[in-house]
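Participant: Produce the complete structure using the sequences and hints provided.
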Amino acid sequence: MAESTRRSGATLGALMMAYAQSLEHAGKVSAAANRAAIRRHIEEPWPALWARPASELELDDLLPILSRMVRGKKLREGSKIRSYLRAAYAAAIAAKQDAAAPDALRALNVSRNPARDLATLDSGQPRDRVLSVAELRAYWRRIETIPGRQGALLRFHLLTGGQRIAQLIRLQWSDHAHDADTGTASVRLLDIKGRRRLPRVHLVPLLPRMAMDFATLRGDGDGPHLFSLTAGKTPATYDELRGIMGPVVANMVAAGELASPCTPGDLRRTVETRLAALGMSEEIRGHLQSHGLSGVQKRHYKFFEYDAEKRAAVEALFELLTGAGATVVPMRNGMSR
Numbered sequence: 001m002a003e004s005t006r007r008s009g010a011t012l013g014a015l016m017m018a019y020a021q022s023l024e025h026a027g028k029v030s031a032a033a034n035r036a037a038i039r040r041h042i043e044e045p046w047p048a049l050w051a052r053p054a055s056e057l058e059l060d061d062l063l064p065i066l067s068r069m070v071r072g073k074k075l076r077e078g079s080k081i082r083s084y085l086r087a088a089y090a091a092a093i094a095a096k097q098d099a100a101a102p103d104a105l106r107a108l109n110v111s112r113n114p115a116r117d118l119a120t121l122d123s124g125q126p127r128d129r130v131l132s133v134a135e136l137r138a139y140w141r142r143i144e145t146i147p148g149r150q151g152a153l154l155r156f157h158l159l160t161g162g163q164r165i166a167q168l169i170r171l172q173w174s175d176h177a178h179d180a181d182t183g184t185a186s187v188r189l190l191d192i193k194g195r196r197r198l199p200r201v202h203l204v205p206l207l208p209r210m211a212m213d214f215a216t217l218r219g220d221g222d223g224p225h226l227f228s229l230t231a232g233k234t235p236a237t238y239d240e241l242r243g244i245m246g247p248v249v250a251n252m253v254a255a256g257e258l259a260s261p262c263t264p265g266d267l268r269r270t271v272e273t274r275l276a277a278l279g280m281s282e283e284i285r286g287h288l289q290s291h292g293l294s295g296v297q298k299r300h301y302k303f304f305e306y307d308a309e310k311r312a313a314v315e316a317l318f319e320l321l322t323g324a325g326a327t328v329v330p331m332r333n334g335m336s337r
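Under this note's numbering, think of the first position of the sequence shown as 1, with each following residue one higher.
Honestly, the hints are just simulated from the structure, not real lab data. A few of these clues could be false.
Beta-carbon label-pair distances, calculated as ranges [to be verified]: (1) S79 to A101: 53 to 59 Å; (2) A255 to S281: 34 to 40 Å; (3) E24 to I146: 20 to 26 Å; (4) G323 to D61: 18 to 24 Å; (5) K233 to K73: 44 to 50 Å; (6) G256 to Q172: 25 to 31 Å; (7) K96 to H178: 40 to 46 Å.
For every residue, glycine included, the Cβ atom is placed at its ideal position computed from N, Cα and C.
Facilitator: Written as structure tokens, this is what we have:
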């Protein structure tokens with residue numbers, strides 16, 4: 001009887017709500033949005049599944065959740081729900097061995113993750129949103145004044161050339177270097193994208209004006225993570241960055257400063273496009289953003305090469321953002337307007 005009672009309470013719904021609660025307790029910016037999405041896409045359309053024991057579910061039980069979203073062409077939301085399901089099960093499993101984990105997760109007694117093998121969702125549609133120079137400058141003006149770590153993260157992301165969030169998340173303070181002789185600074189990213197077995201070291205130059213933001217990010221904490229909202233205790237996540245960026249973008253659209261919403265990926269694409277318009281070569285842009293370097297010759301380049309060129313690129317980007325003397329080369333499709 002006791003076992004039956006325990007199982008009736010250890011439902012998929014209980015698992016997902018315990019996971020959402022753990023995000024809130026951890027102070028995650030995206031926690032409220034995560035909870036709302038879970039209710040909208042799992043609890044409301046699948047009440048019977050929501051009430052079933054989480055430990056008894058199989059992959060086939062969870063797949064219809066995502067299939068419904070694919071049919072509704074909600075691929076981005078579907079990817080998030082897939083991520084939440086995988087993360088919730090993983091958190092419950094880890095809680096059994098972690099004394100600091102929430103009791104609500106540990107009490108579910110989950111020992112396997114049926115969501116682990118849910119395939120990724122791909123829209124198959126090329127993403128080609130590129131901000132105009134006016135839009136990019138307006139975005140900079142917005143984030144330039146955002147205080148605290150939230151503003152520091154947005155500025156860090158843009159001023160380093162729109163680096164991939166997955167790489168920024170892995171940054172630790174030991175990856176930050178300052179050369180006292182030259183007064184220059186950089187961060188060392190480890191690029192594991194593609195088929196390479198060992199990560200490629202990718203040095204990104206830092207502008208002097210970023211020193212204040214780095215001090216804000218570090219605060220008085222001694223945690224190891226650089227790209228963090230918690231003084232280094234934990235790294236910021238992609239969803240957290242989107243949670244910070246979202247209101248900025250929404251306000252810009254409402255104010256007529258953006259023609260349509262944009263994402264971190266759109267900013268990365270915009271940086272490359274705008275640097276091209278400033279006359280930066282494809283090779284320099286590739287070295288700054290760590291892409292297009294899979295050729296035999298490029299694969300073995302020394303990571304300290306192209307430092308001057310990359311530094312010139314981020315300086316040119318900053319001048320473009322602030323309107324301080326950057327000359328934009330008109331592009332055939334009119335994107336530079």
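Participant: Okay, which hints does this one fail, numbers in order?
Facilitator: Hints 1, 4, 5 and 6 are the ones this structure does not satisfy, whereas the remaining hints hold.
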